[in-house]
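Protein chains: 2
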Amino acid sequence: MLTKKIQEFLSKDQFETPFLVVDLDIVAKNYQKLVDQLPGVDVFYAVKANPAIPVLELLRDFDSNFDTASIQEIELCLKLGVSPECLSFGHTVKKERDILRAFNLGVKTFAFDSLPELEKIARAAPSTNVFCRFLTPNDGADWPLTDKFGCSPDIAADLLCQAVGLGLNPLGVSFHIGSQQKKPSNWSIALEKARRIFDVTSERGVNLSFLNLGGGFPSQYRVPSCNIEQHTEEIKKGMKKLFDDKVIRAVIEPGRFIVGDAGIIQSEVVLVSQKKYSDHKRWVYLDIGKFGGLPEVLNEAIQYEIKTPYDNEKVGPVVIAGPTCDEVDILYDHSGYQLPLKLSIGDKIEILSAGAYSASYSSVGFNGFPPLKEYYI
Amino acid sequence: MLTKKIQEFLSKDQFETPFLVVDLDIVAKNYQKLVDQLPGVDVFYAVKANPAIPVLELLRDFDSNFDTASIQEIELCLKLGVSPECLSFGHTVKKERDILRAFNLGVKTFAFDSLPELEKIARAAPSTNVFCRFLTPNDGADWPLTDKFGCSPDIAADLLCQAVGLGLNPLGVSFHIGSQQKKPSNWSIALEKARRIFDVTSERGVNLSFLNLGGGFPSQYRVPSCNIEQHTEEIKKGMKKLFDDKVIRAVIEPGRFIVGDAGIIQSEVVLVSQKKYSDHKRWVYLDIGKFGGLPEVLNEAIQYEIKTPYDNEKVGPVVIAGPTCDEVDILYDHSGYQLPLKLSIGDKIEILSAGAYSASYSSVGFNGFPPLKEYYI
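Chains as they are written, first to last, in my numbering: chain Z, -8 to 368; chain Y, -8 to 368.
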C-alpha cells in the first residue's frame, strides 16, 4: 500500500534506490485484524517473512508469539526481550546442536515431521512439547508448496504416539494450506485430516490439545486475492464443526499477511530498450530483481502490482528485467505485464506489497550490488 | 575437484558447514589452460563468477583483464591495483551515474546493446570505446540464456555506426553463446553473425577491430560436458575462416571455466526422512540450498556432482532439499539423483565444481542463516 506515511517518505527523495520502506502502522493494523477475526486463536508471527527488528519489537509489544525457523531467529527474538515461552522452533528440520542451543535458551516447543527428527528432539530437548506437521493439499497457492515439510497423516499419528515413549509431550499437529492461498476451502480439508489424527491418537491413549493452522493468509498483489475474512470464516466454520467438543489451543503462523501489504520497494528504471526492429515489446530494466530482494518472482509466481508516474497514460507490453548480469534475472516475461509508453530511464517506480519475503533474501553482493536497503517508519 | 589440497583442508575438520573452499592452484591452471589454448586472445575474467579477493589478486598477477558488471566490481578491482585499462564495463545496462563514476576512475571501454545506453555513455564517458552485444542462438546451454542482453545484428550494426556521430569510438562486437554450453557448433553461427556486422559497418565507413567472444566454457558437473578443447578448436577454426583477413583484438570473458572446478562446497546432512509409508524415495536435507549459495539449482539447471562418504555402496532415489523453511528450496527432485542408502544425519557431503556463481549469491540472512563461508587455499 502506498500509505500517506510512505508517500511522504518517498516525497523527500532522500535515498538512492532500490529500497524497501515499511509502514509499521499497517503491520500493527494487520496483526490486530487477525486477532479480531480469530478470537481465542494465538498468533505466532512467522519471523522469516520479515525479521527486521522494528517489526519484531512492534509485535513483541502486542504480545505476539513467534514462529522461528532457526537458532539465529530464536536468538534475535530473545535479544529483543521476547520470552522463550512465546517461541516455537517451527522448522521441522533442525541440526541437533541447534535444538540443544534452543533448549538451553528455554525454548520448549518444537516441530517435527519424521522419526529421526523426533529422536533428535528427545535427545537434545528432553520432556519438551512437540507437534507434528502433516501434509495437506495446497493447490490454489501462488507460491508453490511441495512435500518438503510434513508427513502423511498416518505417519503423523504414529509419531505422535511414539513421542510419549521418547519422553516428549506430544502437543498436537500443524499444517500449511499454501502461501498466498486463493482457495479457502482447503482449510476444511486440512481440518478434517487434523481431526482424524486427534481421533486416531486418542484411541491409542494420546490426547492432543494443540492445533497449529499455519499461514497462507494473502497479501494483495496484481490480481486481487480473496480477502482475509474468507479465510477466517472458513477456519471458524471448520473449527466449530470439527473441534467444538475439544478443549484445544489453536494457533496461526501468519507472515505474509502481517508484513506484505505494509511495505513497498522503490526502484529506478535503468533502461528501456528494444531488442529487434520487428519486436515492439519493450524491455524495462529495473535496479532490483530476483537476486536483490524479489525472489518470489521466480517462475513469475508472485505478481506484484507496479506503480509508475504515468499510471493513467497509454500502456504497452513489456518484459521487466532485473539489474544483474544473470540472464535469468527477469521479473516478468510471460505474465502479460503492460507499462506506460512514457516510462523512461531514471523514472522511479513502486513495487507494492513487497514487505514480506524480500529484503532478507537479498544476495550478499552478486554482481557487486549491495543488499536491499530497508526503512521502517 | 577434490584436489589433494582441498582434501587436506577438509581432513582438518576445522570449520562448521556449510562452506566453500577453493583451490587457487586450479584457478591458475584453468587460466593458463585457456591462454595456452587460445594464443593471441586476451582474457577478461568475468568477476561476477567469483569476486573473491584471492581469486582477483591471482588473476591480476597473471596480467588478466577483467570484465566487470557494476561500479562496485570496478572499484574492487582498482583497489587491488588492477589498471583501469584492463577493465571493461561489460554490463549492457548501467545507471548513467555509474558510467560517469567509472569514466572518472579511468575506465575506457563500455558495452551497450541499445541506443539509449549508447547515449548515456556518450554523455557520461565521452570519446571512450564501445562495443555492442548482439543476440545469437544459445540452445545447448545448461544455464539458460534469454534475450536479456544483446540486440539483433542489424540493430547492432546501425548503433555502431551511430556511435561515431555521438563522439564515441565503436570498437566492435560481443556475444554470448550461453553459459555451460554443450554445443560448440554455436561458435561458428555467432562468428558468422559477427563477421556480417563487421562487413555491414565497413560498407558504411566504420571499421571494427574488436571481437569479444564472451564466455560459455564449461565446468564439469554430474553429466560430463564437452571439454575445453572442443570449444577452443571451434573458435580457432571459425576465426581462421572468418577473420583471417582482419587485424583484430579478440577477447574472451570466462568466469565459470576459471573458478567452477576449483571449488567445492562441504555441507552436512541435517535429516533423511520419509514422507509417506507408500513412498520410499528418501528426502535428504542439507544445510545449503537455493538461497544459501546454490542459485544455479533453479529449475535443476546445473546438476552438481555430489560426493558422500559411501560412494561405492548401494544407492536409492532421493529428493535433495535445502535448509530454509521455503518450500521451493529444493535442489533436485526430478533429475534422478540417487544417494547411498547408508547416508545419514550428520554425514558430510561435498558438492563438486561449486566455485562459480555460488557464495556471492548467498542471501544476507533468509531464515536467519548466515551467508556461505568461503576459504581460498
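Hints listed in this document are in silico derivations from the structure and should not be mistaken for laboratory results.
Please note that the accuracy of each hint is not assured.
[As the list claims (entries may be wrong)] Simulated pairs of lysine-lysine, BS3-like, Cα-Cα distance not exceeding 30 Å:
(1) Y:K70 <-> Z:K174
(2) Y:K99 <-> Y:K184
(3) Z:K184 <-> Y:K267
(4) Y:K267 <-> Z:K267
(5) Y:K174 <-> Z:K99
(6) Y:K70 <-> Z:K364
(7) Z:K173 <-> Y:K267
(8) Z:K232 <-> Y:K267
(9) Y:K267 <-> Y:K24
(10) Z:K267 <-> Y:K237
(11) Z:K99 <-> Y:K339
(12) Y:K272 <-> Z:K267
(13) Y:K184 <-> Y:K228
(14) Y:K267 <-> Z:K237
(15) Y:K272 <-> Y:K99
(16) Z:K267 <-> Y:K232
(17) Y:K298 <-> Y:K174
(18) Z:K267 <-> Y:K184
(19) Z:K272 <-> Y:K24
(20) Y:K272 <-> Z:K184
(21) Y:K232 <-> Z:K70
(22) Z:K267 <-> Y:K99
Quick rundown of the hints versus the structure:
1. Y:K70 <-> Z:K174: Answer violated: K70 of chain Y to K174 of chain Z is near 54 Å, above 30 Å.
2. Y:K99 <-> Y:K184: Within the cut-off at roughly 26 Å; holds.
3. Z:K184 <-> Y:K267: holds, 15 Å
4. Y:K267 <-> Z:K267: violated, 51 Å
5. Y:K174 <-> Z:K99: Roughly 56 Å separates the two Cα atoms, so the pair is violated.
6. Y:K70 <-> Z:K364: The given pair, whose Cα atoms are some 24 Å apart, holds under the 30 Å limit.
7. Z:K173 <-> Y:K267: Since the Cα atoms of K173 of chain Z and K267 of chain Y sit roughly 26 Å apart, the hinted pair holds (cutoff 30 Å).
8. Z:K232 <-> Y:K267: holds, 28 Å
9. Y:K267 <-> Y:K24: violated, 50 Å
10. Z:K267 <-> Y:K237: Roughly 28 Å between the alpha carbons, so the hint for K267 of chain Z and K237 of chain Y holds.
11. Z:K99 <-> Y:K339: With a Cα-Cα distance of about 29 Å, the restraint between K99 of chain Z and K339 of chain Y holds, given a limit of 30 Å.
12. Y:K272 <-> Z:K267: Violated - the C-alpha atoms of K267 of chain Z and K272 of chain Y are around 47 Å apart, more than 30 Å.
13. Y:K184 <-> Y:K228: holds, 15 Å
14. Y:K267 <-> Z:K237: Between K267 of chain Y and K237 of chain Z the Cα gap is close to 28 Å, so the pair holds against 30 Å.
15. Y:K272 <-> Y:K99: Roughly 56 Å separates the two Cα atoms, so the pair is violated.
16. Z:K267 <-> Y:K232: At roughly 28 Å apart (the allowed maximum being 30 Å), K232 of chain Y and K267 of chain Z satisfy the hint.
17. Y:K298 <-> Y:K174: With Cα atoms ~27 Å apart, K298 of chain Y and K174 of chain Y stay inside 30 Å; holds.
18. Z:K267 <-> Y:K184: holds, 15 Å
19. Z:K272 <-> Y:K24: Not OK: K272 of chain Z and K24 of chain Y at ~42 Å, beyond 30 Å, violated.
20. Y:K272 <-> Z:K184: holds, 23 Å
21. Y:K232 <-> Z:K70: violated, 68 Å
22. Z:K267 <-> Y:K99: With Cα atoms ~27 Å apart, K267 of chain Z and K99 of chain Y stay inside 30 Å; holds.
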